[in-house]
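Undergrad: Single-letter residue listing:
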Amino acid sequence: MLRLKTTDRQKMSSTSNNLETSEASPSGRSGGASSFPGQIHETPGGGIVLSKLDDVINWARSNSLWPLTFATSCCGIEMMAVAAAKYDFSRFGFEVARASPRQADVIIIAGTIVNKMGPVLKRLYDQMADPKYVIAMGACAISGGPFFYNTYSVVKGADHVIPVDVYVAGCPPRPEALLHALISLQKKIKNGLTREQIQTPKPLSGGDKLHQI
Amino acid sequence: MTNEELKSKITELLATATVEEGGQSLTINVEPGEWRLLAERLRNDPSLFFDYLFCLTCIDWKTHLTMVYHLDSTKFRHVVVIKSKLPADNPVIETVSDIWKTADFHEREVYEMFGVNFRGHPDLRLLILPDGWEGKRPMLKDFEDPVNMIRL
Numbered sequence: 001m002l003r004l005k006t007t008d009r010q011k012m013s014s015t016s017n018n019l020e021t022s023e024a025s026p027s028g029r030s031g032g033a034s035s036f037p038g039q040i041h042e043t044p045g046g047g048i049v050l051s052k053l054d055d056v057i058n059w060a061r062s063n064s065l066w067p068l069t070f071a072t073s074c075c076g077i078e079m080m081a082v083a084a085a086k087y088d089f090s091r092f093g094f095e096v097a098r099a100s101p102r103q104a105d106v107i108i109i110a111g112t113i114v115n116k117m118g119p120v121l122k123r124l125y126d127q128m129a130d131p132k133y134v135i136a137m138g139a140c141a142i143s144g145g146p147f148f149y150n151t152y153s154v155v156k157g158a159d160h161v162i163p164v165d166v167y168v169a170g171c172p173p174r175p176e177a178l179l180h181a182l183i184s185l186q187k188k189i190k191n192g193l194t195r196e197q198i199q200t201p202k203p204l205s206g207g208d209k210l211h212q213i
Numbered sequence: 001m002t003n004e005e006l007k008s009k010i011t012e013l014l015a016t017a018t019v020e021e022g023g024q025s026l027t028i029n030v031e032p033g034e035w036r037l038l039a040e041r042l043r044n045d046p047s048l049f050f051d052y053l054f055c056l057t058c059i060d061w062k063t064h065l066t067m068v069y070h071l072d073s074t075k076f077r078h079v080v081v082i083k084s085k086l087p088a089d090n091p092v093i094e095t096v097s098d099i100w101k102t103a104d105f106h107e108r109e110v111y112e113m114f115g116v117n118f119r120g121h122p123d124l125r126l127l128i129l130p131d132g133w134e135g136k137r138p139m140l141k142d143f144e145d146p147v148n149m150i151r152l
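Line by line, the protein sequences give chains U and A.
Take the first sequence: its position 74, counting from 1, is numbered 74 in the working numbering, and each next residue is one higher.
Take the second sequence: its position 117, counting from 1, is numbered 117 in the working numbering, and each next residue is one higher.
By construction, these hints were calculated from the structure, which means they are not laboratory data.
Be aware that one or more of the hints could be misleading.
[Unchecked claim] Subject to a maximum C-alpha distance of 27 Å in a straight line, what follows is the list of computed BS3-like cross-link-like pairs (lysine-lysine):
| no. | chain 1 | residue 1 | chain 2 | residue 2 |
| --- | --- | --- | --- | --- |
| 1 | U | K156 | A | K136 |
| 2 | U | K52 | U | K188 |
| 3 | U | K86 | U | K156 |
| 4 | A | K7 | U | K116 |
[As the list claims (entries may be wrong)] Which residues of chain A face chain U? A few of them, derived with a C-beta cut under 8 Å, are:
| no. | residue |
| --- | --- |
| 5 | E12 |
| 6 | A15 |
| 7 | F76 |
| 8 | V147 |
| 9 | N148 |
| 10 | I150 |
Here a beta-carbon is modelled for each residue, glycine too, at the ideal position from N, C-alpha and C.
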């Protein structure tokens with residue numbers, strides 16, 4: 001079952017305006033990053049768009065991912081570079097960086113997670129509204145990186161704390177690499193393959209279940 | 001003051017202090033029991049006026065520990081390094097946190113990382129390590145990472 005966030009509805013309403021200009025791909029979900037998933041059937045006096053609601057929602061969500069302003073070390077500098085004019089991730093819909101996890105869709109773990117930061121990271125993730133996505137940026141976030149051995153303070157991989165959708169290697173990764181990771185996440189969402197999407201669907205009225213737990 | 005003048009002045013203040021040659025700054029070795037006395041004199045002597053403790057740290061030599069204090073005078077701009085050798089088992093030295101306030105946090109850090117006890121410190125708690133930290137002090141050379149350890 002699909003639940004729509006307010007932001008999703010806003011994204012949906014802008015969909016209809018963009019339809020005339022966007023290139024509809026006959027094969028549906030694949031195609032360019034911005035192409036609308038569906039088929040246009042020309043009829044006199046207009047046209048009919050055929051699509052699947054899941055695909056439309058995934059398309060809308062993937063093209064406006066709001067990252068959380070979160071960085072713990074030098075990867076954060078690269079992330080800022082990706083946000084700035086030269087690399088400019090707003091070209092792909094990531095420009096609305098949020099300082100509150102409650103308004104963010106994706107958390108880019110940019111940097112080392114130390115043992116003391118682990119609970120903070122978990123709390124930030126828990127405070128993000130569904131659907132939410134996670135990118136582990138750089139060697140430290142993937143495995144602890146240079147701090148894998150002989151350290152007293154570093155978490156050996158952020159996925160010990162929260163689940164990760166996309167890993168991007170590097171120390172720190174090049175801005176291009178982070179852009180690639182962001183686009184990979186978009187592709188994953190469009191294909192319905194993120195960790196959250198392949199989970200078993202939650203029941204529509206989950207209240208009773210919650211009380212049982 | 002030049003290093004030579006500092007040297008004669010400090011050995012005058014504390015006869016048992018010895019001078020170590022070869023460093024960039026004048027380096028003085030003191031017994032841990034006499035450090036407190038020397039510290040007060042360095043701070044209060046009007047011709048020395050070491051009012052700024054800009055580094056406080058510890059070295060683990062496996063056989064023993066060395067406390068290192070870097071002092072600067074904001075008035076005369078001369079620098080001196082004080083070293084004091086401590087035993088590896090039960091290292092204790094007097095606190096200087098009441099002479100230089102900055103030593104408060106630095107001594108707490110040396111306490112948690114090297115296990116040095118600062119006698120007279122007002123608040124010798126863990127600073128960076130999480131509460132309830134148990135086991136070896138992590139900056140000692142024989143510390144072992146409980147998760148991933150490579151022995152060289």
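Undergrad: A separate judgement is required for each hint: does it hold in the structure or not?
TA: Right, here's what the structure says about each hint:
1. Our distance criterion of 27 Å between C-alpha atoms is met by U/K156 and A/K136, whose separation comes to about 20 Å.
2. This hinted pair checks out: U/K52 and U/K188 have alpha carbons roughly 17 Å apart, not beyond 27 Å.
3. As the CA atoms of U/K86 and U/K156 are separated by approximately 32 Å, the hinted pair breaks the 27 Å bound.
4. For the given pair, A/K7 sits about 45 Å from U/K116 by alpha-carbon distance, which is inconsistent with the 27 Å threshold.
5. For A/E12, the interface hint is violated, the least distance from its beta-carbon to any beta-carbon of chain U being 44 Å, above 8 Å.
6. Hint status for A/A15 relative to chain U: violated, with the closest Cβ pair at about 42 Å, above 8 Å.
7. Nearest Cβ of chain U to the Cβ of A/F76: about 39 Å, over the 8 Å cut. The hint is violated.
8. Restraint check, A/V147 versus chain U: the minimum CB separation of about 6 Å is within 8 Å; hint holds.
9. Among the interface hints, the one on A/N148 holds; its C-beta lies about 5 Å from the nearest C-beta in chain U, closer than the 8 Å criterion.
10. Proximity of A/I150 to chain U holds as hinted, the smallest CB-CB distance being about 5 Å (cut-off 8 Å).
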